[in-house]
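Undergrad: Now for the letters of each chain:
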Amino acid sequence: MPDLWIDLLHILDATLRLATPLILCAMAGLISERGGVIDIGLEGKLLAGAFAAAAVASLSGFAMLGVLAAVLVGAALSLVHGFACITHKGEHIISGVAINILASGLTVVVGIALFQQGGQTPLLGPEERFGSIALPLAATLGGVPVFGPLYSELISGHNILVYIALASVPAVYFLLYRTTFGLRLRAVGEAPEAIDSAGLSVTRLRYGAVLIAGCLCGLAGAYLSIAHGAGFVREMSAGKGFIALAAMIFGKWRPWPVLFACLIFGFLEAIAARLQGTEMPVIGVVPVEMILVLPYIATVILLAGFFGQAIPPRALGTPYVKER
Amino acid sequence: MSATALPRWAEIGLIPLVNLTLAFTVSGVVVALIGENPVEAMSIMLKGAFIYPGGLGYTLYYTTNFIFTGLAVSVAFHAMLFNIGGEGQASLGGLGAALVCLALDPFLPGLIVVPLAVLAAAAFGAGWALIPGYLQAYRGSHVVITTIMFNFIAAGLMVGLLSGPLMRPGQSSPQTREFAGGTNLAYLHDWARALGFDVASSPLNLSFLVALAAALGVWILIWRTKFGYALRAIGQSDPAAVYAGIRVPRMIVIAMAISGALAGMMALNEILGVQHKLILNWTSGYGFTGIAVALMGRNHPVGIILASLLFGALFQGGAELDFEFQTITREMVLMIQGLIILFSGALALMFTPVLGRIFAVLKAGRARDA
Chain G
1 MPDLWIDLLH ILDATLRLAT PLILCAMAGL ISERGGVIDI GLEGKLLAGA FAAAAVASLS
61 GFAMLGVLAA VLVGAALSLV HGFACITHKG EHIISGVAIN ILASGLTVVV GIALFQQGGQ
121 TPLLGPEERF GSIALPLAAT LGGVPVFGPL YSELISGHNI LVYIALASVP AVYFLLYRTT
181 FGLRLRAVGE APEAIDSAGL SVTRLRYGAV LIAGCLCGLA GAYLSIAHGA GFVREMSAGK
241 GFIALAAMIF GKWRPWPVLF ACLIFGFLEA IAARLQGTEM PVIGVVPVEM ILVLPYIATV
301 ILLAGFFGQA IPPRALGTPY VKER
Chain V
1 MSATALPRWA EIGLIPLVNL TLAFTVSGVV VALIGENPVE AMSIMLKGAF IYPGGLGYTL
61 YYTTNFIFTG LAVSVAFHAM LFNIGGEGQA SLGGLGAALV CLALDPFLPG LIVVPLAVLA
121 AAAFGAGWAL IPGYLQAYRG SHVVITTIMF NFIAAGLMVG LLSGPLMRPG QSSPQTREFA
181 GGTNLAYLHD WARALGFDVA SSPLNLSFLV ALAAALGVWI LIWRTKFGYA LRAIGQSDPA
241 AVYAGIRVPR MIVIAMAISG ALAGMMALNE ILGVQHKLIL NWTSGYGFTG IAVALMGRNH
301 PVGIILASLL FGALFQGGAE LDFEFQTITR EMVLMIQGLI ILFSGALALM FTPVLGRIFA
361 VLKAGRARDA
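If you're matching them up, the sequences are chains G and V in order. Residue 91 in our numbering is what sits at position 91 of the first sequence, and the numbering runs on without skipping anything. Residue 78 in our numbering is what sits at position 78 of the second sequence, and the numbering runs on without skipping anything.
Chain V with its partners taken away, still in its complex shape:
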């Protein structure tokens, strides 16, 4: 292995870049085959994501979702657990937040209701991930299959609740009533305007800052606590962790719960921040995008924030494609996402040996010169 070991900067910088370039190249070929100009499509996406008024706000609003779901996937990844139940956990998080708001907003001010709703979002998400975690740790069922099944069970549950007990009185669309205005999270454009900046409206809200704080929290948890050390030990080598006296089953349950709580907190952005009511299918596949984000970001909070920004830009830029082209739509972004997961996840080992050999040759050359 030592012959193919890469320098650290190549491991965390070059490899993701190579994978990204590959994904974009393949997508570019598809765009060209459809008969559109890939360069033009790319420039429209970039303008839509960063330059057009409100574009950056929307980009960061999507970024917020991906930070939460990306962190969720990464925490489980550190213990070599593959949590693909982000969709279901986020749905449940939304349910938790909505239940608190619906129950308490007539009686209590937003300042009290919102923190409770946030806690409920995290707790419901954690609970929905804790069961698969428990089943893996103590009953031996694989967390991947269980979380897939839990995504579908959550979806069924939501349809059942929103077209039944939680449906807005006197209406027949599957959604709850709107929460009281006091529970809405502040929009960042309002803050910016209060400070005298002229910015366009966007759904970017307070939860963006919460997401950044969560990233910091995860960094501290994984790299600066005993718990994080134990978690990474399990990920590195299960038998060694057992030998070191780490209670692996318990760690698995806790890791899954934290992962689920982070996924559930996506509800802050979408439900408390933007929708202000519980609707169907609001998770829109962002839970799956979290997988791509965690893979791109190499499971490190800084990498995850950067990868989230990339995906935020892709989603916002992709929405722009809908307006500008007849033949290219936002589903193009879904395709790019699939390719990124393929190249940076499943084919992660494809380039490492090649690059390793190149670096080995370079190193040998330098050694000879010296």
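In isolation and in its complexed conformation, chain G is listed as follows:
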């Protein structure tokens, strides 16, 4: 029995680690879309953030500078998105596609120019990345039956960005539902004309939303390359931005349900990794690919309204044109 418990804890531990970038990106998408700006460029910002973090950490030797660079790059790409969608009233989806493609080209081009390693960054040393943090008393409590391992294995021993990701959920909740900015942000996604007639700037609010989104994506990218991993490799975001997008829809654009969706999707990934190549009774070798595509299938079914309903913010994707 204790073995099974430890086993489960290991899977949940992996779940948390795999869900971290999803949580940060999904919160990013949530803020942007609650403000009325579609963000399918999460993937691109995640990738660019991962590259910036690893490149700057490797060149400077400091992990903190890497995170800073990732956040700045994420914000910069968000500004491009905002410039196209908010200022010039362009198609949000086209701009998102452009950012994704731009990021996958630019990271390799700049990567080769800086490091000459085929688009990778050098392997990062311990100073250049975030190590795991042992929470107080982890070692002492580890011996306590049942709850000891829960604390020492699952709760303690992650890097700082995992805890930041978890903290981002209540932070986003607070921002959206307990602050003036949040109220206005939700209004600008539902009824921008109301914000305008209240004498507030739709443009400024939406820029605020996409900027926060960019910063969060940058953090997620930094997590991939300098916390979870030890360097950047090509296309290392590997569709995580899109899974986050699915999680955001699955959680119906609300912080806590979105967190829940991210954890489920992370759990599926952890299970898939665990079952890779193992034989199971009855079904034989587990079709891992089928487990990995479950998030996408579930999102399609949810969107089609076969269980529950996912209703996006009303003004999502529509540029605001002042009446004259």
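Dumping the calculated SDA-like pairs for lysine to any residue here, alpha-carbon to alpha-carbon at most 20 Å:
| no. | chain 1 | residue 1 | chain 2 | residue 2 |
| --- | --- | --- | --- | --- |
| 1 | G | 322 | G | 207 |
| 2 | G | 89 | V | 351 |
| 3 | G | 89 | V | 236 |
Since the hints were derived computationally from the structure, they do not count as laboratory data.
Start from chain G and add chain V according to the hints.
TA: What follows is chain V alone, placed relative to chain G:
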């Protein structure tokens, strides 16, 4: 709006040119920052795409892919549908073609198998786009999100099939066995040589001509049929289309199916034409390039052929960069592609007002002179 309306030639000629120049300028700056000479890089790309032996053949071979995916995006665009599932639909098209070849090539001659494989490619691609179309038309889920999800589901499906039931017997790499030789599409260099021309080998094959025919077909469909008229009516104004008695949901499903069929037909070029077996990731992002192509080509078949040629040249020229430079690789082309989508798609409205004002001033000046 009338003050900023552009003459037609500026709308279809000047705007794409301005966007293209901008994309190239930004790319040139990146090349310069990396420490290479942008002019030299450009000239190597041009030589690689058109002048070196076989270069033109390769360029047209890439062009073929982009004509199919560009047409696919444009057909959906006409009904204001954004099909970004070209990757998944093309993958499924490849699966359809491969299944027909694997099942029938031991028994039937290529002359029968190939047309069936082409039909299967189109049908599988159509089917993979029809579901998102149906869900948008009748269940209200947005086609953009659904097609993104379907790209990933298709990718998972391919890995599952190619490392499982479809894997070549006795091997462990994720690919099918080779199809029988009779199913291979003819290479155009073989035809040219038979006619006595001395041309270099390239993967350019019969499907290039099929792509051109498809472009003609799309032109007829969109501008010369009742269906095309209804499709454009939906794109212009949904309520007006409903008022005119057009069955919008049904049109959405059909438009998506046609779009998917065109994307699926990319398998003609890659699977039947070049690979002669089904492999993983053969779509290489060409489905996304179709978006750039459709935007550049202003959703018109002629524009799409020209834009496809541009991207074909970029891809082939980009491959040449790999050989010539230590520091510039073909990913540079991906960057240019992203910039083109940004400038000619997302920022499409940036220059129109500016140019409109310039034209208005010019017109006013001419009116005064006269």
